[in-house]
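Colleague: Chain by chain, the residues:
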Amino acid sequence: DTEVTQTPKHLVMGMTNKKSLKCEQHMGHRAMYWYKQKAKKPPELMFVYSYEKLSINESVPSRFSPECPNSSLLNLHLHALQPEDSALYLCASSQGEQFFGPGTRLTVL
Amino acid sequence: AQSVTQLDSQVPVFEEAPVELRCNYSSSVSVYLFWYVQYPNQGLQLLLKYLSGSTLVKGINGFEAEFNKSQTSFHLRKPSVHISDTAEYFCAVSDAPHTGKLIFGQGTTLQVKP
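Chains X and V, in that order, give the protein sequences. Here the first sequence stands for residues 1 to 109, numbered as in this note's numbering. Here the second sequence stands for residues 1 to 114, numbered as in this note's numbering.
Since the hints were made in silico from the structure, they are not lab data. Be careful, since some hints might not be right.
[Unchecked claim] Partial list, computed: chain X residues near chain V (C-beta under 7 Å):
no. : residue
1   : GLU3
2   : MET13
3   : GLY14
4   : LEU45
5   : PHE100
6   : GLY101
7   : PRO102
8   : GLY103
[Said to hold, decoys possible] Covered stretches of chain V (chain X as the covering partner; in silico rule of three or more C-beta atoms under 8 Å from a C-beta of chain X):
no. : region
9   : 44-50
10  : 104-111
Quick reminder that beta carbons are idealized off the backbone N, C-alpha and C, glycines included.
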């Protein structure tokens, strides 16, 4: 299995909602990442987990809360988001190069 | 600090013509270089990578890139493009490929015309 899966594909939420994005990989990779990508822009790194521990937080607002329950799973919990948080959220895993999932298209109303 | 510059934001080219997408980087440490492609409404797919060894790197879909340390460049080339190559291409650099950060360029939109 050489893929990273992400659910849901699309998500629409209001500014008072709480939702979660899920990412899964079964390649045995020990590093996992969350990126945010706005239209026509490169991905921006948000968080890095290495061996299930948070190793990099790129000064992301606390309304985004990552979680790594085990070596195959990565979650991103969302709460009280703003419309400017609407973007494509990409997950990746790595063991030499980063493999990206298809992303979750998030719209905040 | 590392940085990546993709010199062209858009590259229009006719089908079956050759193409070169330019990428320059700056880094004070050893670098690992990558090219990713992103088709509309999809995630990023690795085209090729340079970690060490031969400076000419061959990737998927007929793409290749040459690492030039003296010119700090990693340009992507394809001798004959197809309509299906229309996509966004990102050059990226890392100082630690296993767990490190990827620094992306701003991207180049390749538009292949019939």
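Colleague: All hints, please: hold or fail.
Modeller: Hints, one by one, checked against the model:
1. GLU3: Check failed: Cβ of GLU3 (chain X) comes no nearer than 10 Å to chain V, outside 7 Å.
2. MET13: 19 Å, violated
3. GLY14: 23 Å, violated
4. LEU45: 6 Å, holds
5. PHE100: 4 Å, holds
6. GLY101: 5 Å, holds
7. PRO102: This hint holds: PRO102 (chain X) lies near chain V, its Cβ roughly 4 Å from the closest one there, short of 7 Å.
8. GLY103: For GLY103 (chain X), the interface hint holds, since the closest Cβ of chain V sits about 5 Å away, which is under 7 Å.
9. 44-50: holds (count 4)
10. 104-111: holds (count 4)
Comparing the model with each numbered hint stated earlier shows that hints 1, 2, 3 do not hold.
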